[in-house]
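So the chains spell out like this:
6 protein chains.
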Amino acid sequence: MKREDVLMEALPYIRQFHGKTIIIKLGGHAMVDPKIMNTVIEDAVLLHYIGMKVVLVHGGGPEITEKMKAMGKEPKFVAGLRVTDLDTLEIAMMVLAGKISNTIVSLIAQNGARGIGISGNDGNLVIARKMDAQKVTIEDREEEVDLGYVGEIQRVNPGLLRTLLDSGYIPVVSPLAIDEQGNNLNINADTMAGELAVALDAGKLVSLTDVDGVMDKTRTNIYYRLTLAEVESMIADGTIQGGMIPKLAACIYASRNGVERCHIINGNAPHNLILELFTDQGVGTMIRG
Amino acid sequence: MKREDVLMEALPYIRQFHGKTIIIKLGGHAMVDPKIMNTVIEDAVLLHYIGMKVVLVHGGGPEITEKMKAMGKEPKFVAGLRVTDLDTLEIAMMVLAGKISNTIVSLIAQNGARGIGISGNDGNLVIARKMDAQKVTIEDREEEVDLGYVGEIQRVNPGLLRTLLDSGYIPVVSPLAIDEQGNNLNINADTMAGELAVALDAGKLVSLTDVDGVMDKTRTNIYYRLTLAEVESMIADGTIQGGMIPKLAACIYASRNGVERCHIINGNAPHNLILELFTDQGVGTMIRG
Amino acid sequence: MKREDVLMEALPYIRQFHGKTIIIKLGGHAMVDPKIMNTVIEDAVLLHYIGMKVVLVHGGGPEITEKMKAMGKEPKFVAGLRVTDLDTLEIAMMVLAGKISNTIVSLIAQNGARGIGISGNDGNLVIARKMDAQKVTIEDREEEVDLGYVGEIQRVNPGLLRTLLDSGYIPVVSPLAIDEQGNNLNINADTMAGELAVALDAGKLVSLTDVDGVMDKTRTNIYYRLTLAEVESMIADGTIQGGMIPKLAACIYASRNGVERCHIINGNAPHNLILELFTDQGVGTMIRG
Amino acid sequence: MKREDVLMEALPYIRQFHGKTIIIKLGGHAMVDPKIMNTVIEDAVLLHYIGMKVVLVHGGGPEITEKMKAMGKEPKFVAGLRVTDLDTLEIAMMVLAGKISNTIVSLIAQNGARGIGISGNDGNLVIARKMDAQKVTIEDREEEVDLGYVGEIQRVNPGLLRTLLDSGYIPVVSPLAIDEQGNNLNINADTMAGELAVALDAGKLVSLTDVDGVMDKTRTNIYYRLTLAEVESMIADGTIQGGMIPKLAACIYASRNGVERCHIINGNAPHNLILELFTDQGVGTMIRG
Amino acid sequence: MKREDVLMEALPYIRQFHGKTIIIKLGGHAMVDPKIMNTVIEDAVLLHYIGMKVVLVHGGGPEITEKMKAMGKEPKFVAGLRVTDLDTLEIAMMVLAGKISNTIVSLIAQNGARGIGISGNDGNLVIARKMDAQKVTIEDREEEVDLGYVGEIQRVNPGLLRTLLDSGYIPVVSPLAIDEQGNNLNINADTMAGELAVALDAGKLVSLTDVDGVMDKTRTNIYYRLTLAEVESMIADGTIQGGMIPKLAACIYASRNGVERCHIINGNAPHNLILELFTDQGVGTMIRG
Amino acid sequence: MKREDVLMEALPYIRQFHGKTIIIKLGGHAMVDPKIMNTVIEDAVLLHYIGMKVVLVHGGGPEITEKMKAMGKEPKFVAGLRVTDLDTLEIAMMVLAGKISNTIVSLIAQNGARGIGISGNDGNLVIARKMDAQKVTIEDREEEVDLGYVGEIQRVNPGLLRTLLDSGYIPVVSPLAIDEQGNNLNINADTMAGELAVALDAGKLVSLTDVDGVMDKTRTNIYYRLTLAEVESMIADGTIQGGMIPKLAACIYASRNGVERCHIINGNAPHNLILELFTDQGVGTMIRG
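Residue numbers (full-length UniProt numbering), protein chains in the order written: chain B, 1 to 289; chain V, 1 to 289; chain G, 1 to 289; chain D, 1 to 289; chain L, 1 to 289; chain P, 1 to 289.
A portion of the hints provided could be inaccurate.
[Stated by the list, open to error] Okay, the calculated bits of chain D under chain L, using three or more residues with CB under 8 Å as the criterion:
id	region
1	96-102
2	113-122
3	159-167
4	170-181
Think of the hints as simulated: they come from the structure by calculation, not from any bench.
All of these numbers come straight from a predicted model, not from anything done at the bench.
For every residue, glycine included, the Cβ atom is placed at its ideal position computed from N, Cα and C.
Turn these sequences into a full structure, and let the hints steer you where they fit.
As structure tokens, then:
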């Protein structure tokens, strides 16, 4: 394929995306290989320069677990959520807002744009409340487990993000929130991305995970395009199962609330973000509301 | 070459050109093939969408000549300039501002952006004065020939262009001007492009002609990069001769007055504009001040 | 009448018109005498300087016909509309946007303001579609005649006009439009003026024609003031007949859609525009909605 | 003279004055006839509507004297300045800012514009200091007389006036000032007008007095146009004498500090303001710097 | 109480009032002691500097009466309203807009902020109509008495106040208005304050009177907090009687139309304004809608 | 002291500080007691609400040391600077930007304002280069020790801080920077505060340390006011010695570069910040340039 043909193939997408907001969720697992990570940021900077308003939301589960162990704490999960005591919250804040955000901001600088790392508590961006205790079955007995400093988002004040986007920055958001009393809370990064997409009236929400997209039952074929209705019916009839269901939750929420396109793509292959957005077929699953 | 590699190769250029003004001169000869013409406009629209401020300046010599003949008038040239009586001026205005500008604006619309055709007399954009009579030798006798309504630019009021660029339009400029008494004057399109580039403090002036660039004496090798000093010395020592010298005049003027890069490329090959700007070697001659 | 009394008589009108938008339609027949033409532009510039937002829309029928004949083409009309093949369209564009617009812009400059010539396709200002074939009776047989590149306005995007008016320019608009595929189309100038008046929420639409206004049946007395209802009932009962009916169409359309005052005046007497606007009786017919 | 000719004669002046600031000084004597007064305000409102930034500065000497007498106080003058004790200052403030300003603001409203009465102490507009005691000869003895609350202008903070002008109001200014300690001071109205003209970088200062302008020695012929140099030399050689010299002081100060044109006209004839500005000869004396 | 504790006690109020508009009505009786008056202005300037938008509205009844007597006119009241003939109106304007406003503006300057004195007729701020003749019983006969130039507010155009507040000035408003014919009218100052509070969507209306607030029937205990409903029911059942009822009228009007808090406090004790606003109990009566 | 007197004593300071920028450096040692810490933030929020532009810069040395030990790393210092290998840098980033910034932002939220935690690499705020190796004498031998990722500030791009301040946020800045290659570097917090004060043209730089200010030689009396010249001469003649000299470095740098007042106060007593700013004597040392 000739250079000029690639650029011309991209033109209609560039035109269409111009001025739109895109939320890119970087999964913790998708950030392990620094080289791949750099191609993701390269892609994000390209989107910025062709006129999109780019917001990055990152997780950091594997690194939080690693740091906890280094400090002699044993991670504990209930219903897929990290039980977060005060020490764990402090480690999570340090890893998310201290280490990962700064690393991503540096990569953005290396690629020629200006990033800024913020958390959901900066500028009262994300207001949450402590999540209710979860009922879990432990050795045949149902128990209520208090998750500690884990939050459920109440509302988003997107003013700070709009200010930063309008001033030409690429915000890099850690999944933390603040409650009405001013306490910090840990937030699921997918949920955070979905809420920000809705609050910013985003055109796109792209989730970079470690699978290729929504697969059929044989696990060999990818669904490139799905409607929200199809996703919902495929969950209802069991076609979509297991680990993909929670992954889709933020997409479903965003699609129902006006986000035009949600994408689930594999963040472990270089430049998948650009290929998904700038080619007709794409590389992962695109869901439209 | 893979799609993603092409886009990543373009990223540094996109970053570097972002927000810069580019003046693109479309030579009359380079506008004959509608298909090629469309690729030029595709390229210009791409530059617009990646954040450049694009101004098109077009000539129209061949079409003016053709229309004059269709109306029974014989074109006449002195020292390479068209002798322009009132009827000729009217025909030039009709062809340039009536036909060619509208055609280009339509192509821009077809490619998804918004153009606007203006002349140098709109908004008092280009103020000129009638050019002095030219001394020419006719049959061994030196004579002074009055060129009629041919103008020499006095000054440019770029306010209208800035307003249009800031509002997201792609201006398409006909090489006409107005004098202090409100008369219209015909202007050489290369001169016009150079003056606009300087007045708008443009980062780039690209001239689409019907040759590949500045060639060496053998006429087989192209000079891809030249400094202003090299161009001036190659003219002085006779390396550059003939028809290329007037072609270079606007580039030399622009380079001396702060325009960072001037390009001379062949407008008859598809997408040469993009290839010149987005690849390291380019396809024509780039001159830096 | 003393100077100061004239100016004081004008004061209430100046106050009332301040900041309002006025669309002035210059009929092709009303533009034949350059001296008269200049007084029209003088008047328009005065309106501009006392704080009105002035938009000129011009026709050009007689000149198009003349140029067609000069190029050996025979003009053809169906139901009062010019049959417009590609060659005719090109001539219309050249005459309207190339010659007449530039002439008017020069006159504006000579009177000390800044004009800018645009067409309905500039900035996607006027979107139209090809008009349906017209049923006409030719030698007792009803036939459908395709009018060619003649457009019916679909919608107006007044953004470009607002930008220009807010920046202090007087737009001079040629009656051309663009369709969704990017083709140029010829538009009736009266229709164009009416549509622009509505799209710009104009306070006034003034049509400069070659008759003195709406006359009574004896053709000796002019109606100076009419309501929209009166005009409609006078058409219904046959008081208004013949050539005046199509002339009134744009006024009726504009009045029904919120334009406060429409005027039909004779453009062949000097300064009729000012006299109509700044005197109590006026010189032509004023219609209020 | 025909209506349209009057308006066209005014056009070049309207164009030239557009956006310029004009300070109009209304002398106390020129405000005695309410009908004349109304024509002055009519003129000022016309200037406002054709795009000038109009500031009115008024005196009020005769009315202050009258009110003082009504309250049983005997007015006293030294070197042409009113000796101003605290009671006199209170009466001056009441007459100037309470009565005259409100009267003028009402006339502006009646003529369809929006005025606002302010004093030099509003918004710290005019900072002054108490004037030094004046040496006067009383019965052959030279004495120093303290003028009381009479001020000498130190500096002008034109911010408030700019805010009001930019918001479309016509400021009506009483000649009062404030000193650094927050005391009110009485200011000569001509001096005030001159200082405001300079501080606002006005294009024009017009003084409405009760004489026709600067006259020659025979007192029969008026000088319609004078340069600043001519005025200065005519004062030096005694051509201009007596009461006209203090009247010219503000004009000379303004002309020396960049105000383009100063006019001295008779405010007792209706519409002299408009006639001076909109006719070639004018009715009074125009001084250019 | 320690300095820092006072400031910290104030912090929540400062936060809560930040950016809110406050209308402060200065009663004529509350302005008699210059020292007290200065503490009121000190308080107002403090409110300005902590970010409130402060508007002062003053009365002036006692001083108008005094000046009338000094000029040999006998004040006359009907139904608590001053019968206002032309002479009385002139005196009222002079006292209110000439003397009192200037005095307050000077005090503001002395306290380091910038005030500006305006009347309700400046900028067409308050449009009123002449109040209907009042029926009064004089010696057993019911008569209609024409109050003269006393106005009833029709509407408020708050544009001028917003412009001044946004530019950082403290407006000082005299209770005068203008009718549709441009006549000045005298307005009750409480009514004026209430109308401005509603028109500006104020957060607070504070009335500085010469009583301590709403008292219980024993006249010994003050009601510190009342709801609008309580006030209305206490008027209905006779708990609130006599002179307090008209004083409450503006509060009731403002509370019903969205003003959050109205305060009635004694203006004769120093800094009561600050104490009412910055302490939990306050010093007078606070009414909430 | 009465409430109202405290507030009135504060008024001149509030007026004087209104709109000024203040940089508050929170020393690591001054942040150990959460209660004291909260009073510092209360004070900062009060400053914000009375109209100052507040920027907090914090250190974190003791906590970094503690976390290093918890992770089994031994802290090492050379010439008072922390030797920073990659692991140490990661811990510093986590403590500074992850833990301390978030804690301060939460305290700001609890006090009713909106903070935002940023590092010097966000938005390319602080560009630094790796510091040269330091010459130190170890066991009688002079050695060069590479400090690792410790930076020397090259320049500050204050755009991001201005954007945040203009939007009403209180920025909380971690002392980190970025070099031209996009690497993160550790910065001395005092130096950072001084550089930001100069770059933002701050009116004040306040350093909260664990001493009471600059003391005389007896260590019993504090110097409340010093000029820059006095400080410099007291360092030269040995009056100021030891640990205070590096503490003063940022003050001297800021004073020399236009910051009007620098304060060194003890951050371990509640509300010292407010007492220093709002009382005449203050509680620490104020240095003026």
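Hints, one by one, checked against the model:
Look at the region 96-102 of chain D against chain L: 6 of its residues bring a Cβ nearer than 8 Å to a Cβ of that chain, three or more, so the hint holds. Counting residues of the region 113-122 of chain D whose CB lies closer than 8 Å to any CB of chain L gives 8, which reaches the minimum of 3, so the coverage claim holds. With a cut-off of 8 Å between beta carbons, the region 159-167 of chain D has 5 residues touching chain L; three or more are needed, and the interface restraint holds. Check on the region 170-181 of chain D: 3 of its residues sit with their Cβ under 8 Å from a Cβ of chain L, so the three-residue criterion for coverage holds.
In this structure, every one of the numbered hints holds.
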